[in-house]
Amino acid sequence: MKALILVGGFGTRLRPLTLSFPKPLVDFANKPMILHQIEALKAIGVTEVVLAINYQPEVMLSFLKDFETKLGIKITCSQETEPLGTAGPLALARDKLIDGSDEPFFVLNSDVISEYPLNEMIKFHKSHGGEASLMVTKVDEPSKYGVIVMDDSTGKVEKFVEKPKVFVGNKINAGIYLLNPSVVDRIELKPTSIEKEVFPKIAAEQKLFAMVLPGFWMDIGQPRDYITGLRLYLNSLRKKSSSKLSTGPHIVGNVLVDESASIGEGCLIGPDVAIGPGCVIEPGVRLSRCTVMRGARIKRHACISSSIIGWHSTVGKWARVENMTILGEDVHVGDEVYSNGGVVLPHKSIKSSILNPEIVM
Amino acid sequence: MVISQDRSVAVIMVGGPTKGTRFRPLSFNVPKPLFPLAGQPMVHHPISACKSISNLVQIYLIGFYEEREFALYVSSISSELKVPVRYLREDKPHGSAGGLYTFRDIIMEESPLQIFLLNCDVCCSFPLTGMLEAHKRYGGIGTMLVSKVVAESANQFGELVADPDTKELLHYTEKPETFVSDLINCGVYIFTPDIFTAIQDVSMHRKDRANLRRVSSFEALQSATKSLPTDFVRLDQDILSPLAGKRQLYTYETVDFWEQIKTPGMSLKCSGLYLNQYRYTSPHLLAVGDGTKSAAVIGNVYIHPSAKVHPTTKIGPNVSISANARIGAGARLINCIVLDDVEIKENAVVMHAIVGWKSSVGKWSRVQGEGDYDSKLGITILGEAVTVEDEVVVINSIVLPNKVLNISVQEEIIL
Numbered sequence: 001m002k003a004l005i006l007v008g009g010f011g012t013r014l015r016p017l018t019l020s021f022p023k024p025l026v027d028f029a030n031k032p033m034i035l036h037q038i039e040a041l042k043a044i045g046v047t048e049v050v051l052a053i054n055y056q057p058e059v060m061l062s063f064l065k066d067f068e069t070k071l072g073i074k075i076t077c078s079q080e081t082e083p084l085g086t087a088g089p090l091a092l093a094r095d096k097l098i099d100g101s102d103e104p105f106f107v108l109n110s111d112v113i114s115e116y117p118l119n120e121m122i123k124f125h126k127s128h129g130g131e132a133s134l135m136v137t138k139v140d141e142p143s144k145y146g147v148i149v150m151d152d153s154t155g156k157v158e159k160f161v162e163k164p165k166v167f168v169g170n171k172i173n174a175g176i177y178l179l180n181p182s183v184v185d186r187i188e189l190k191p192t193s194i195e196k197e198v199f200p201k202i203a204a205e206q207k208l209f210a211m212v213l214p215g216f217w218m219d220i221g222q223p224r225d226y227i228t229g230l231r232l233y234l235n236s237l238r239k240k241s242s243s244k245l246s247t248g249p250h251i252v253g254n255v256l257v258d259e260s261a262s263i264g265e266g267c268l269i270g271p272d273v274a275i276g277p278g279c280v281i282e283p284g285v286r287l288s289r290c291t292v293m294r295g296a297r298i299k300r301h302a303c304i305s306s307s308i309i310g311w312h313s314t315v316g317k318w319a320r321v322e323n324m325t326i327l328g329e330d331v332h333v334g335d336e337v338y339s340n341g342g343v344v345l346p347h348k349s350i351k352s353s354i355l356n357p358e359i360v361m
Numbered sequence: 362m363v364i365s366q367d368r369s370v371a372v373i374m375v376g377g378p379t380k381g382t383r384f385r386p387l388s389f390n391v392p393k394p395l396f397p398l399a400g401q402p403m404v405h406h407p408i409s410a411c412k413s414i415s416n417l418v419q420i421y422l423i424g425f426y427e428e429r430e431f432a433l434y435v436s437s438i439s440s441e442l443k444v445p446v447r448y449l450r451e452d453k454p455h456g457s458a459g460g461l462y463t464f465r466d467i468i469m470e471e472s473p474l475q476i477f478l479l480n481c482d483v484c485c486s487f488p489l490t491g492m493l494e495a496h497k498r499y500g501g502i503g504t505m506l507v508s509k510v511v512a513e514s515a516n517q518f519g520e521l522v523a524d525p526d527t528k529e530l531l532h533y534t535e536k537p538e539t540f541v542s543d544l545i546n547c548g549v550y551i552f553t554p555d556i557f558t559a560i561q562d563v564s565m566h567r568k569d570r571a572n573l574r575r576v577s578s579f580e581a582l583q584s585a586t587k588s589l590p591t592d593f594v595r596l597d598q599d600i601l602s603p604l605a606g607k608r609q610l611y612t613y614e615t616v617d618f619w620e621q622i623k624t625p626g627m628s629l630k631c632s633g634l635y636l637n638q639y640r641y642t643s644p645h646l647l648a649v650g651d652g653t654k655s656a657a658v659i660g661n662v663y664i665h666p667s668a669k670v671h672p673t674t675k676i677g678p679n680v681s682i683s684a685n686a687r688i689g690a691g692a693r694l695i696n697c698i699v700l701d702d703v704e705i706k707e708n709a710v711v712m713h714a715i716v717g718w719k720s721s722v723g724k725w726s727r728v729q730g731e732g733d734y735d736s737k738l739g740i741t742i743l744g745e746a747v748t749v750e751d752e753v754v755v756i757n758s759i760v761l762p763n764k765v766l767n768i769s770v771q772e773e774i775i776l
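In order, the protein sequence lines correspond to chains X and H.
Its first residue numbered 1, the first sequence is counted upward by one per residue in my numbering.
Its first residue numbered 362, the second sequence is counted upward by one per residue in my numbering.
Derived from the structure by calculation, the hints contain no laboratory data.
Since no wrong hints were added, every one of them can be taken at face value.
Each computed DMTMM-like pair below joins lysine to aspartate or glutamate, with the alpha-carbon atoms no more than 20 Å apart:
#1 K299/X / D651/H
#2 K724/H / E282/X
#3 K351/X / D733/H
#4 K351/X / E731/H
#5 K706/H / E265/X
#6 K724/H / D335/X
Next up, chain H with everything else stripped away, as it sits in the complex:
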């Protein structure tokens, strides 16, 4: 083993099927991490950001989805990146620190000096090189990516306080009731292998307390953590909070975009953010066209090579069209995600919407959302294999899979 080699591994936390219910009806068909944003699976964006890490020897995906659900993606991305990618399946949820700890032996096989830990459901530019430089400079056991948000929305996230000069994490609290700070945790970390010791300490301490509790029912009633199993360790409450102010954790602030992808509406917003990032990282993925030989393209648009888009259509801004989709003559697409095998027929309009796999939108039909990413019905969602018949209008609605709409609907959830 050559210590001087500054090896890194990356771990992407992908969660499991009992998580992400807010992502319905889209998560009925595909694990949320594989839902395409800007034409690529959600998890692909953090993974491809890892390409910038020098001496990256392994990428691990940790989650509790069935292995076969990720098999195809994992093999294709491994050969694309020329870095081995492995899916590690937890038998049950362990929390993000617990999940990491479960697979500590595998992760440490390559003797990495750094472990990058990325959450799959955050959307950002993943500035990993800058973060790594800072991490080495700080010399702590961990560095976390942080971002400033508007004070009113900070309480949906982990709020934290950092030393303005040393960038040390001074205080950390998850989703507080009262305002602590407008600086929040982005869910992207770099740790040294010492993180495993920190997780082990929490786990051991909890085990001791659990033993104690058998003799003290009074304490058992009082304790908020009584139901947590000893191998369930959360990163935020159990590791970050106690280690804050102990010169072990540091912060690295990003001024780029950052969003959390909890709902279908947010996935549309994030698809747009990633499309915009392609301008700088992979401009070849963006479609071009002036409406003569190919469709008129406005702003950032991704069109899968197998999709058939009629030259009389007008597409964009923020449109992503997946494999084998067919977009008929004179159709208009604005701010939308069109998934595999969808057919949009002649003169139809789709705006502020997600059109599910194998769905069809009829001639002169209109599938439209208001465009409010944060409200429940702000983006119109058609689940898998939904048929919108000719001339029907679907506004601000969510349609569950396999429905046929022959009359117009507005502000409805169609079961």
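Bound conformation, chain X alone:
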């Protein structure tokens, strides 16, 4: 079985993190975002993953080479020379995806994090016998998204309504598809939207079916949602494999700590914290609702909440970092400095307090 992951472009919404790495390689819960998807695909027997990408394919491939052997899965890139929208990349990768077996293939959006119930999706796809399946998720404010109107008992999709002004339903496209090879025949090699141009036609032929995604779903393409996504992810991990989460008197709620990271005496960590490989958390540190990425050091008595600490950054003694502070790679916050929502580009040193949210170039 094969799968296509839509990686897309520069990931500008997740800057300054994406100034150092392409978005799929930005760590989420201690591993690159795209590995969450690749591992889920591997787990249900996918043998080849194609990455639809238009930016830095070399970086991606050299990074993923290690994982090809480790996971025993083939990873290739299909590079767009111009943006092809959400459907065009399928046509571009046609030769990689279609091998005459007539097996359906997965399409995943790389910004999305969820529990990936892919086996259930295969069962669902076989049961309805249509041409395409997609996952939908319920949201509180459907007017921001494309809403899918469907028959709740059969799952048959009736129509797509983009950003509805009047309530038509609360189920939106979750960005996870299982498609028969015939779908690719419907797509021309040009910029095309799968939601606006391809799916509505399949739906009109009554061959498009949707299942409600069990568990959580989050588009983690921007910092605020990234931090919320971590909470949902760790919460789901608690239910599924809680042994991966840390325990102890210094831990509050769900905390994921890489085994190569160290935590000093008198710290209080959690809830909703991820501490990546090689991180050093010195004594007396307080961490909550935050991600500390690979190689970062948090010095004594610092306090961090609702923030992302980029790779190899340091936070000084008695520093306070909070309110959606995002430190890019190799950023150094001085001792006793306060950052209230500072967004700091890579390789900067912060020596005086940032009292209100601002971007430090």
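Use these hints to put chain H onto chain X, whose structure you have.
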């Protein structure tokens, strides 16, 4: 009475409760003159400067606070200095010259040749010995301490002009609208007993005018001083201005620090200036420590002997910690005054701030000011018994007494 004995008395003007409203919320709990700077009451600094005066026979505090508010302090300082200290309570404000005049009989009991007059709310090194030498050399009825300030700020004070050679006071004007001089009045004086005659003259003259005014309503409307009672005599406008240029008043310039302590922000600055002066005058009051057996101390720090400071803390520069305060493990204090019975919990940070009596700052909390002593919210102030809960951040704010903060605040006055 032995005339050859060159006796002096000192008078410290401490004001009263209706003054010093700019010192709120700290003045809700303690008379401003007793607010601690560098671990000692504000008034203690001018008083202890008087120790250098030879043949000092009495120190008087004059103000209109209740007597009991000063009773404890007055008795303890008397025994410490081995000079009798007395609090003289005015029934109402008389102005600084009027206050002095009210108690002229008491002040003159010991027949002093010199009367030192010091304002309590100025912060300086009080170079009284040098001043006294100069005063005797000049031979006038009074010598005032003066200081050069930047021209832009001079108009907040009494501006004056002195003869560059004789140091005689030539011209004096209080808080002028236009620039007169960058030389200002420091609020520290030495007078001979003749000052009482000068004050009496003003008072008598005013009484005469008051009588005249009853027949001339036109003049009453015109006069700016019409509402002043006859026993209210200001030192600056009523004595210094008219006597300037009459070879009676002289100036002595200090090149040391000088500040006026009107606001809580300035009290933090002045606490630092006094701590720095301890280096030269009382180095034993300054804390030392390298973070092994006791806290790591940076720069000038005062820690009251009864305060408990954990050895893993880092304190300074410019920190003053009062009695029974508890500073928990891993806390960090920078440029702050921590008052009696305060608790700073583990890993908390306090910088550019004043933490009021019995307040508590929670674990990993942060109480921080920008460090601008002149702006209203430049120093964060917690009034008495304020609780900052764990992990809460308080930035550039003033918190009135008995509040509990469970969410972070910035640039706010919390009533």
